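Here the protein sequences come in this chain order: U and A. Those letters in the first sequence? Residues 1 to 266, by UniProt numbering. Those letters in the second sequence? Residues 1 to 218, by UniProt numbering.
Hints are supplied without guarantee of correctness; some may be wrong.
Calculated from the model, a selection of chain U residues having no Cβ within reach of chain A, i.e. all distances over 12 Å [as the list claims (entries may be wrong)]: (1) Gly95; (2) Glu105; (3) Gln119; (4) Leu201; (5) Glu229; (6) Arg238.
Residues of chain U placed beyond 12 Å of chain A at every Cβ, according to the derived structure [unchecked claim]: (7) His34; (8) Tyr40; (9) Ile44; (10) Met66; (11) Ser69; (12) Tyr92; (13) Arg111; (14) Gln150; (15) Gly159; (16) Arg166; (17) Gln175; (18) Glu207; (19) Asp218; (20) His232; (21) Asp237; (22) Arg243.
Heads up, incomplete: computed chain A residues facing chain U, CB under 8 Å, no partners named [unchecked claim]: (23) Arg49; (24) Ile113; (25) Gln116; (26) Val127; (27) Arg129.
Hints in this document: simulated from the structure, not taken from any laboratory. Being a predicted model, the structure only gives us computed values, none of them experimental. Where a beta carbon is used, it is the ideal one built from N, C-alpha and C, also for glycine.
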Amino acid sequence: MTGVARHSIPQHPLEPTVRPVTQGMPPRQILELHQVSKVYGDGITVVAALREVDLTVNAGEFVAVMGPSGSGKSSLLALAGGLDSTSQGEIYVRGTPLSALSTAERARLRRRAVGYVFQDYNLIPTLNATENVSLPLELDGVKPAKAQRQAKDALRQVGIEDLANRFIDELSGGQQQRVAIARAIVGDKALILADEPTGALDSVTGEEIMAVLRRRADAGAGVVLVTHEARHAGWADRVVFLRDGRVVDQATAQNDPHSLLADPIR
Amino acid sequence: MSVKHSLLALLTQGPRYGYHLRAEFEERTGSTWPLNIGQVYTTLDRLERDGLIEDQGDDGAGHRIYAITEAGRAETEDWFAQPSRPSNPPRNELAIKLAIAVTTPGVDVERVIQAQRSATLRALQDVTRAKRSTGGESRPADLAGLLVLESLIFTAEAEIRWLDHCEAAVLRAARSGQLPAVPAAVSAPAPAAMPSRTAVPTTAGTSRRHTSSQQKDR
């Protein structure tokens, strides 16, 4: 069990808190997709990106989403993060239906409870690495000194604390990607959504990032990772397979140590 | 054969008895391939017969002690110097199953592939979990165990990539109406991506045979 300090003040429903995973307690749902469909275009150009998808991610659960290009992986993540609206169905983040929120409330939810790693990073070039990571906290009223401290801790977790004062255009693609990951994990977000977060990283650094996401899940966050790399999906508790916008299969870790053993060599 | 040479390599570090050798083999290979103690003694008998080790008698505690000979040392050095020749890996069975599936009318090949992909990913999750729970690389045996687990991860990863490749090839072939009647489209994906050289002739041969008999039936 990972010990994480609880807030002593009453908590707003959208307030981010990473909870310790409690053995024997019923699972707490961080993210729920109920019969979610997403259609782009209309008439003869209509494209169904997602079709009646049901998906639940509990606190402390690490879920990987796999599927071929165009299967709806990134659409699923964008909808879950409130970056796009569903055509049908409902998405709940910590029990709050996203469709019931105003644009401002959605933005606040994203800032406070959801960490999002974009495929193309979405960093602000006029800010340095620390400022990019601390900005969402500061926008949310966290005092600058505390926000910067948390940002530096997040940069340390992704292994680039020595680049904290560099501007974005002074960083390599892989370093920028790690800044984007630090921004997603800063402030103990309840839900972390990562869209191919290791594309620009070498395999060893990619594994380190998986370890960071795993630790966030073990500390109580819900983590959803979109990936085409099986070795990264191997870090997840559950792997969801998408095809043509539908969930076609799921693989859950067996947690059976004997499954690792070969038959005795004769 | 790897057990014979592994035991020889362990004996280069000093005389040992059977149970000791088994324990050391398993520790250094991350306990992934449990050794049957009967197999250890049979192997030791053969090594002694071939002059690669010698029986040094009882150690006073009921253990029969074996030591490596000069010929044994030479054999071990040669083993490390030569590349390993892969034996038939378990995925041959999978390659054969897929080859038969794509040439058998009425089989949902995508479902066959997905069932395998899920199973392999579950195994990958288990191995990854085992890797996470290892205590790092502080001892040589920990590093050895970690490397064995990594080998399982790479193997599972390769199998999943191969399945993705097969699925894309099958879908392309299906779209162009080539399945299941046209042999070329059927046997092409598996051999092209097979990680093991040994599997190729078996797989291709099997699929060709079934395809031609299928065409005859039609």
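To see whether the hints hold, each was checked on the structure:
Under the 12 Å C-beta cut-off, the non-interface status given to Gly95(U) relative to chain A holds; the minimum distance is some 28 Å. Distance check on Glu105(U): its Cβ is at least 37 Å (rounded) from any Cβ of chain A, clearing the 12 Å threshold; non-interface status holds. Against chain A, the non-interface label of Gln119(U) holds: every CB pair exceeds 12 Å, the least being about 19 Å. With a least CB separation of 16 Å from chain A, Leu201(U) remains clear of the 12 Å interface cut-off, as annotated.
The Cβ of Glu229(U) sits about 8 Å from the closest Cβ of chain A, inside the 12 Å cut-off, so the non-interface label is violated. A Cβ of chain A approaches the Cβ of Arg238(U) within 12 Å, the least distance being about 9 Å, so the stated non-interface status is violated. For His34(U), the requirement that its beta carbon stay farther than 12 Å from each beta carbon of chain A is met, with the minimum near 24 Å. Residue-level check passed: Tyr40(U) sits 22 Å from the nearest beta carbon of chain A, beyond 12 Å.
Every CB of chain A is more than 12 Å from the CB of Ile44(U) (nearest about 20 Å), matching its label as outside the interface. Met66(U), annotated as away from the interface, has a beta carbon of chain A within 12 Å; the closest lies near 8 Å. Interface exclusion of Ser69(U) from chain A breaks down, the closest Cβ pair being 10 Å apart, not more than 12 Å. With a cut of 12 Å on Cβ distances, Tyr92(U) stays outside the contact zone with chain A, its closest approach being about 26 Å.
Every beta carbon of chain A lies more than 12 Å from that of Arg111(U), the smallest distance being close to 31 Å; the non-interface claim holds. For Gln150(U), the shortest C-beta to C-beta distance to chain A comes to about 26 Å, beyond the 12 Å cut-off, and the non-interface label holds. Distance check on Gly159(U): its Cβ is at least 17 Å (rounded) from any Cβ of chain A, clearing the 12 Å threshold; non-interface status holds. No beta-carbon of chain A is positioned within 12 Å of the beta-carbon of Arg166(U); the least distance is around 30 Å.
No Cβ of chain A comes within 12 Å of the Cβ of Gln175(U); the nearest lies about 25 Å off, and the non-interface call holds. For Glu207(U), the requirement that its beta carbon stay farther than 12 Å from each beta carbon of chain A is not met, with the minimum near 9 Å. Residue-level check failed: Asp218(U) sits 10 Å from the nearest beta carbon of chain A, not beyond 12 Å. With a least CB separation of 9 Å from chain A, His232(U) falls inside the 12 Å interface cut-off, contrary to its annotation.
Separation of Asp237(U) from chain A is inadequate, the least Cβ-Cβ distance of about 8 Å not exceeding the 12 Å criterion. A beta-carbon of chain A is positioned within 12 Å of the beta-carbon of Arg243(U); the least distance is around 8 Å. Taking 8 Å as the C-beta cut-off, the interface hint given for Arg49(A) is violated, the closest approach to chain U being about 19 Å. For Ile113(A), the suggested interface contact is broken, since its CB lies about 10 Å from the closest CB of chain U, more than 8 Å.
For Gln116(A), the shortest C-beta to C-beta distance to chain U is roughly 11 Å, which exceeds 8 Å, and the interface hint is violated. Below 8 Å, beta-carbon pairs count as interface contacts, and Val127(A) has one with chain U at about 6 Å; its hint therefore holds. Against a cut-off of 8 Å between C-beta atoms, the interface hint on Arg129(A) holds, since the closest Cβ of chain U lies about 6 Å away.
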